[in-house]
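As they're listed, the protein sequences go chains A and B.
If you count the first sequence from 1, position 269 lands on 269 in the numbering used here, and the numbers rise without skipping.
Start counting at 1 in the second sequence, then tack on 378, and there's your number in the numbering used here.
In case anyone wonders, no lab produced these hints; they're calculated from the structure.
Cβ coordinates follow ideal geometry from the N, Cα and C atoms, glycine included.
Keep in mind that the hints are not guaranteed to be accurate.
[What the hints assert, rightly or not] Derived contacts from chain B toward chain A, CB cut-off under 10 Å, selection only:
1. L382
2. L602
3. S642
[To be verified] Covered stretches of chain A, going by a simulated chain B footprint (3 or more residues, C-beta under 8 Å):
4. 72-86
5. 116-129
6. 140-153
7. 263-274
8. 289-299
9. 302-315
[Stated by the list, open to error] So the derived list for chain B, only partly shown, Cβ under 7 Å to chain A, looks like this:
10. P463
11. S464
12. G478
13. I481
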Amino acid sequence: MSDLALRPERVAAEPVFVVSRSRRPASWAGVLGIVLVVLLAVMPYVVYQSLTSTLVNFFILVTIATMWNALAGYAGLVSVGQQAYIGVGAYAVLIAAQHGIEPFVAIFIAVGVSVVLAYPVSFLVLRLAGAYFAVATWVLAVVAYLLVLRYPSLGGGTGAPLPGLGNIGATLLGAYTYWAALAVAVLAIVAVYLLLRSRLGLVLTAVRDNEVGARSIGSRVTGAKRMVYMLAAGGCAGAGAMIAISQLNVQPGNVFNVQWTAYMIFAVLIGGLGTIEGPIVGSIVFIVLQQTLAQYNAWYLIILGAVAMAIAIWARRGLWGTLVSKVPIHLFPVGYYVHAEPGVTERRGLARLLFGPARRAKRHPTAPTPSGPTPSGR
Amino acid sequence: MTILNDIIQGILLGGLFALFACGLSLMFGVMDVINLAHGDVAVAGVYLAVVLIPASHIPALWIFVLVVPAFMIGGYLVQRYLLQPSLDSGAITTLLVTFGLSIVLENVLLEVFTANSYSLNVGSLVSSSWQVSSQISVPYLDLVILGVAIVVLVALQLFLVRTRTGRLVRAVADDREAAELVGANYRHLFAVAAALAFGTVAFAGLALGAYTQVSPTAGPTYLLYGFEAVVIGGLGSLWGTLAGGLVLGVATTLGSQVDPNLGSMLPHLVFLFVLAVRPRGFFPKRAVT
Numbered sequence: 001m002s003d004l005a006l007r008p009e010r011v012a013a014e015p016v017f018v019v020s021r022s023r024r025p026a027s028w029a030g031v032l033g034i035v036l037v038v039l040l041a042v043m044p045y046v047v048y049q050s051l052t053s054t055l056v057n058f059f060i061l062v063t064i065a066t067m068w069n070a071l072a073g074y075a076g077l078v079s080v081g082q083q084a085y086i087g088v089g090a091y092a093v094l095i096a097a098q099h100g101i102e103p104f105v106a107i108f109i110a111v112g113v114s115v116v117l118a119y120p121v122s123f124l125v126l127r128l129a130g131a132y133f134a135v136a137t138w139v140l141a142v143v144a145y146l147l148v149l150r151y152p153s154l155g156g157g158t159g160a161p162l163p164g165l166g167n168i169g170a171t172l173l174g175a176y177t178y179w180a181a182l183a184v185a186v187l188a189i190v191a192v193y194l195l196l197r198s199r200l201g202l203v204l205t206a207v208r209d210n211e212v213g214a215r216s217i218g219s220r221v222t223g224a225k226r227m228v229y230m231l232a233a234g235g236c237a238g239a240g241a242m243i244a245i246s247q248l249n250v251q252p253g254n255v256f257n258v259q260w261t262a263y264m265i266f267a268v269l270i271g272g273l274g275t276i277e278g279p280i281v282g283s284i285v286f287i288v289l290q291q292t293l294a295q296y297n298a299w300y301l302i303i304l305g306a307v308a309m310a311i312a313i314w315a316r317r318g319l320w321g322t323l324v325s326k327v328p329i330h331l332f333p334v335g336y337y338v339h340a341e342p343g344v345t346e347r348r349g350l351a352r353l354l355f356g357p358a359r360r361a362k363r364h365p366t367a368p369t370p371s372g373p374t375p376s377g378r
Numbered sequence: 379m380t381i382l383n384d385i386i387q388g389i390l391l392g393g394l395f396a397l398f399a400c401g402l403s404l405m406f407g408v409m410d411v412i413n414l415a416h417g418d419v420a421v422a423g424v425y426l427a428v429v430l431i432p433a434s435h436i437p438a439l440w441i442f443v444l445v446v447p448a449f450m451i452g453g454y455l456v457q458r459y460l461l462q463p464s465l466d467s468g469a470i471t472t473l474l475v476t477f478g479l480s481i482v483l484e485n486v487l488l489e490v491f492t493a494n495s496y497s498l499n500v501g502s503l504v505s506s507s508w509q510v511s512s513q514i515s516v517p518y519l520d521l522v523i524l525g526v527a528i529v530v531l532v533a534l535q536l537f538l539v540r541t542r543t544g545r546l547v548r549a550v551a552d553d554r555e556a557a558e559l560v561g562a563n564y565r566h567l568f569a570v571a572a573a574l575a576f577g578t579v580a581f582a583g584l585a586l587g588a589y590t591q592v593s594p595t596a597g598p599t600y601l602l603y604g605f606e607a608v609v610i611g612g613l614g615s616l617w618g619t620l621a622g623g624l625v626l627g628v629a630t631t632l633g634s635q636v637d638p639n640l641g642s643m644l645p646h647l648v649f650l651f652v653l654a655v656r657p658r659g660f661f662p663k664r665a666v667t
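Just chain A, with the same shape it has in the complex (with noise of 0.2 Å):
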């Protein structure tokens, strides 16, 4: 006789729901992500340096990737101004290396004087939405260009040497670049992934999926979109920053231009909108294409560009997007998973108090399947 027909109350018990910020461990990622930054860490000393300048650069695009996906895939901010941001922080590090700081310390504060200045501004710039809120976005970035030209003490339109790094021999700077890029890299990553499993990333989640709904429920969406705004602005500054350290000089019409923001924007969607993967992925298919097509000069832009375009209209969640709706793989667990656990059934009285309110059966041929997992996020 099995075991069904002698307890059958088993099997009509109610099955347990259980929320789970992933509806399967998702440890090993964490440990695959330590792994990965420590090989990313040691990478200086095996590598040639053409490599570590070209992965410099790609640090560089996954901090302002990721920043921008903070603002567009879960704000619902498309900004075409984060090159404010990124000059700011190549000038505050200009700025305070003139004055003897030394520059990779004075990463922190480019950091936190963009977000401080964005403070300010997010009251002019979250009361727009839409079109008015990009261009006033590119507006205020070449406000902040045609500012720093004022002062022949930045260089003026040429810009200007980046002092205090001539001690270090080149290839020491090199390395510490290199560091300082993964760090900042990293942290940019951490920061929107804490952001998001926080009780504001609740909110935001909820305006990335429907703002209007979002609103009507009681979430305090401005409120939300200032943290993700001036979260953005400090990590572009710490991006800018980089750009500052790793090409020791800093020009306005590099550090402002526009073409940044086609960069944090191109990366973001061929990797996926409204995902903490999507820029990474994005920012790795951009790097292999501009360093493929390099003898091409701009070809790539062209063609990413173009690609770009393609994915927002007719793939809307990009290459991590796609996967993932086949294959359910969340690195960065940071919603929510509402699931009833095969198997388990609850447990009653004194068992419940002395083992817990669930118990795992043993598995059974004819146990009832459970429906499947709702995503409550991605």
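Fit chain B to the supplied structure of chain A, relying on the hints for placement.
Just chain B now, kept in the frame of chain A:
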């Protein structure tokens, strides 16, 4: 007296800005699309003219008879096959797609024509001017550009008010579903509006090419001026757009009196100020009239 001269020069320059703005205003008013590639499309017009003038032996002043129709056809196709699908796919998609178009267009122009700047030689019109008094002189070219801007605005207005197609365009702008119920094909009408917008931006590009040197990266600057004129004037109001353009032009020339940097910055500051105090502009209208 120099102040008066500056204001007159500013008004004339405002004609150019208004020419950039009216296409943006039309597309924003009809289908709620801000074409972030607007400035780059204008720049592409200059380069098309640079190619067509030696090939067709048409003088630069009259090259618009080829460029404007070509751009109208291009605008119809761009709306039909690029912007309409993005409109269907979501609110922020059109912004992303037009921004992508802007970057792609700019870099294609850079690859094909290098970073060299070009201008259109419209002959004696550039050098000669009308000496009003000892201090005030009005270049004929600026006067022609302001005239073109006004003619284009009047023509747009007449088209939208007097013709059957124009009335249908206004109908889909006001209430798309209702217009569809009475048989209007909104996709076609959106594309007609885009064709008109691209036609006006071709004029704007040619005017810019006659006015100054144009490089492939000049587009975004004029997109911003155009958008600022639209916002200052109030969305969807073509005459407000002209007024917005004139305000920006006067801000440019007055700022330039202090230094050239301020001349570039002052219109942006005026725009940001308007955005802070009157986000809907000074002559807001609900629909295109």
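A quick look at each hint next to the structure:
Checking B/L382 against chain A by beta carbon gives a least distance of about 27 Å; that is not within 10 Å, so the hint is violated. Given hint, B/L602 at the interface with chain A, holds; its Cβ is 6 Å from that chain's nearest Cβ, closer than 10 Å. Taking 10 Å as the C-beta cut-off, the interface hint given for B/S642 holds, the closest approach to chain A being about 6 Å. As drawn, the region 72-86 of chain A meets chain B at 4 residues by the rule of a beta-carbon pair under 8 Å; at three or more, the given contact holds.
Coverage of a stretch by a chain is defined here by at least three residues with a beta carbon nearer than 8 Å to that chain's beta carbons; for the region 116-129 of chain A and chain B the count is 3, and the condition holds. Interface restraint, the region 140-153 of chain A with chain B: holds (7 residues with C-beta to C-beta distance below 8 Å; minimum three). Closer than 8 Å: that is the beta-carbon criterion, and the region 263-274 of chain A has 3 residues meeting it against chain B, so the requirement of 3 holds. Beta-carbon proximity to chain B at under 8 Å applies to 3 residues in the region 289-299 of chain A; the threshold of 3 is reached and the given coverage holds.
Under the rule that three or more residues need a Cβ within less than 8 Å of chain B, the assignment of the region 302-315 of chain A holds, with 8 such residues. Because the beta carbon of B/P463 sits about 5 Å from the nearest beta carbon in chain A, less than 7 Å, this interface hint is met. Below 7 Å, beta-carbon pairs count as interface contacts, and B/S464 has one with chain A at about 5 Å; its hint therefore holds. Given the 7 Å rule on beta carbons, the hint for B/G478 holds: about 4 Å separates it from the nearest Cβ of chain A.
Here the hint on B/I481 is kept, as its CB sits about 4 Å from the closest CB of chain A, short of 7 Å.
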